[in-house]
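Visitor: Here are the chains, one letter per residue:
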Amino acid sequence: MLEIKNASIGYKGGVLAVQGISFTVKKGEVVSLIGSNGAGKSTVLRAISGLLRPRTGEILLNGEPLHTVPPYDIVRRGVAMVPEGRQLFGRLSVIDNLLMGAYAIDSKQRTQETLETVLALFPRLAERKGQRAETLSGGEQQQLAIGRGLMSQPSLLMLDEPSLGIMPKLVSEIFQTIHEVSKKGVTVLLVEQNVFEALHISDRAYVLQTGRIVLEGRGEELLKSDLVRQAYLGM
Amino acid sequence: MSEQLIQQLVNGLLIGFLYSLIAIGLTMIWGVMNIINFAHGDFLMLSMFISFWLYTLYGLDPIFSIPICTGLLFLLGLLIYKYLVSKVMTGPALAQLVVTFGVSIFIANAAVLLWTPDFKMIEKPLLTGTWSFGTIQLSIPKAVASAGSVLVSLALFLFLRKSKTGKAILATEMNRNSALLMGVNTDRVNALSFAIGSALVGIAGAFLSMYYYIYPGVGGTFGLISFCIVALGGFGSIEGAFIAGILIGIVQTLGGYFFDPAYKYAIVFALYLVTVWIRPQGLLGW
Ligand SMILES: Nc1ncnc2c1ncn2[C@@H]1O[C@H](COP(=O)(O)OP(=O)(O)OP(=O)(O)O)[C@@H](O)[C@H]1O
Ligand SMILES: [Mg+2]
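Chains as they are written, first to last, in our numbering: chain R, 540 to 774; chain E, 12 to 297.
It should be emphasised that the hints constitute simulated quantities derived from the structure, not laboratory data.
Think of the CB as a built atom: it goes at the ideal place given N, C-alpha and C, for glycine as much as any other residue.
Please note that a few of the clues may not be correct.
[Claimed, not checked] Derived DMTMM-like pairs (lysine to aspartate or glutamate); straight-line CA-CA distance at most 20 Å:
| id | chain 1 | residue 1 | chain 2 | residue 2 |
| --- | --- | --- | --- | --- |
| 1 | E | LYS173 | R | ASP635 |
| 2 | R | LYS566 | R | GLU719 |
| 3 | E | LYS173 | R | ASP645 |
| 4 | E | LYS175 | R | ASP635 |
| 5 | R | LYS668 | R | GLU652 |
[Unchecked claim] Simulated restraints, written as ranges between beta carbons of each label pair:
| id | chain 1 | residue 1 | chain 2 | residue 2 | range |
| --- | --- | --- | --- | --- | --- |
| 6 | E | GLU250 | R | THR656 | 30 to 36 Å |
| 7 | E | LEU235 | R | ARG671 | 30 to 36 Å |
| 8 | E | GLY231 | R | GLY624 | 42 to 48 Å |
[What the hints assert, rightly or not] If you only want the chain E side, here are some residues facing chain R, beta carbon under 8 Å, derived:
| id | residue |
| --- | --- |
| 9 | ASN188 |
| 10 | SER189 |
| 11 | LEU192 |
| 12 | MET193 |
| 13 | VAL195 |
| 14 | THR197 |
Taking the hints into account, I'd like the entire structure generated from these sequences.
Guide: The following block contains the structure:
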């Protein structure tokens, strides 16, 4: 479904953050991208969602180039992103944040239906519909960020460190939610520091080190690999 | 309270509502694209002249010129965004400053050249006279302009809070990248915001032309006051600008009443300086 081909990605005036990486995400899979701080994980997701352009290489979605689509149309291709640090609309209410998630959907009825599904998935958000997003707790904000991403009814959902700054009990809840979402047929590309949990729910994973992919494999395989155990699980 | 004082308060409120409308357009443009439109006051002046010439050449009363002024200023805002402002959006801040400053100077000078610096007035507008409530006098054109300003401000507020496009504007203002991720064409939001901001000041100009002097320099005075209001209310805050506009209107009028009218602007700026000293982000800023 998603194919990254030999992509090099950098920031304005900076060196390349990601150098010639290639990977694929197949329909229905949960794929994790793991790596230490500054490895380039967020950079990859930003390029897929159109906020950055690869300097060389290609990003293909179902065989069609995605890296030439304007950033505001990427979500209309079925790709949604839950960005690092939540990036909510702080002074808008919970409901309005969710409705913004469905901005690309023209049908009011479909929006309403998705809204109900999302609120059922996150009952805590349903209780706080009218509250301004910036006044939510960190965990609630993360749920809202995921909910907002789901509102566009994506076929590919990308999540950038959804467990960041959240207490362990909620972290497993969030991973549970991601697992449920994927079971409903949504393909998931996950970036995580919580390597153990991430690999656990992943079909496959790629390990990124200073802008290059150094290892790939099935979730359980990587959990057993020496590199992953030493570098990311501290074992 | 003496009746004279009440009269002054009423006068302050009347001009304050108009100030609010002018400042709301400016603060909205700032909020969405972090650009100060230095030509904002000159847009007001242009709109007043449009109203004046429609009256002088075609006998159209300023009250009927309102939609024309609004539409033309919307168009002007759109063109200036598309051909000037958008070109420097990603450039250095100074370039953005110079662009709108340049537009301001160009419009002001062109107006002097075309229409002379003299004061003009719409001689016989439909709305004239005063309503009397006891000893309180209410100028009819001013009352209508103020009521109209409040209605327009309210309409904008509702548009932003309730409509899908309005929410997209607010969302872009709060987090441009997230808005892009949601599918908002943020460049279009910029253009629309610049155009709406200009249309709002266009409406204010049409209202003002019903009773105020029309001359090329009028933009400078009102422009400066609207910058103060925006800062006082909190950059980008529409509610803040609305409240600050009323506040400035009242302070200015009372200041002119208790001290010398010559000092009324000095008092306004003093209030501004004191506020930003205590609360740099303005009344409702963040
Ligand atoms: N806006 C930016 N401008 C310039 N360089 C950037 C920018 N954002 C990230 N970088 C650089 O790109 C490299 C990769 O950053 P990236 O954010 O992709 O890392 P990451 O793997 O997501 O790390 P983390 O786990 O800390 O989130 C880093 O060296 C970083 O300094
Ligand atoms: Mg990151």
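Visitor: Each hint needs a verdict: does it hold in this structure or not?
Guide: Hint-by-hint comparison with the structure:
1. Of the supplied pair hints, the one linking LYS173 (chain E) and ASP635 (chain R) holds, its CA atoms being roughly 9 Å apart against a limit of 20 Å.
2. Pair hint LYS566 (chain R) plus GLU719 (chain R) holds up; C-alpha atoms about 16 Å apart against a cutoff of 20 Å.
3. At roughly 16 Å between alpha-carbon atoms, LYS173 (chain E) and ASP645 (chain R) fall within 20 Å of each other, so this suggested pair holds.
4. A hinted pair counts as satisfied when its Cα atoms are at most 20 Å apart, and LYS175 (chain E) with ASP635 (chain R) qualifies at roughly 9 Å.
5. With a C-alpha separation of about 16 Å, the suggested pairing of LYS668 (chain R) with GLU652 (chain R) holds against the 20 Å cut-off.
6. For GLU250 (chain E) paired with THR656 (chain R), a C-beta distance near 34 Å keeps the hint of 30 to 36 Å intact.
7. Checked against the hint of 30 to 36 Å, the C-beta distance between LEU235 (chain E) and ARG671 (chain R) comes to roughly 33 Å, which is consistent with it.
8. For the hinted restraint 42 to 48 Å between GLY231 (chain E) and GLY624 (chain R), the CB-CB distance of approximately 43 Å keeps it satisfied.
9. Of the supplied interface hints, the one on ASN188 (chain E) holds, with its beta-carbon coming within about 6 Å of a beta-carbon of chain R, less than 8 Å.
10. A cut of 8 Å between beta carbons decides the hint on SER189 (chain E): the least distance to chain R is about 4 Å, and the hint holds.
11. A hinted interface residue such as LEU192 (chain E) counts as satisfied when its beta carbon comes closer than 8 Å to some beta carbon of chain R; here the least separation is about 5 Å, so the hint holds.
12. Satisfaction of the interface hint for MET193 (chain E) is found here, the shortest Cβ-Cβ separation to chain R being roughly 4 Å, below the 8 Å cut-off.
13. The restraint placing VAL195 (chain E) at the interface with chain R holds, with a minimum CB-CB distance near 6 Å, inside the 8 Å limit.
14. The criterion of a C-beta within 8 Å of any C-beta in chain R is met by THR197 (chain E), whose closest approach is roughly 7 Å, and the hint holds.
When held up to the earlier numbered hints, the structure conflicts with none and fits them all.
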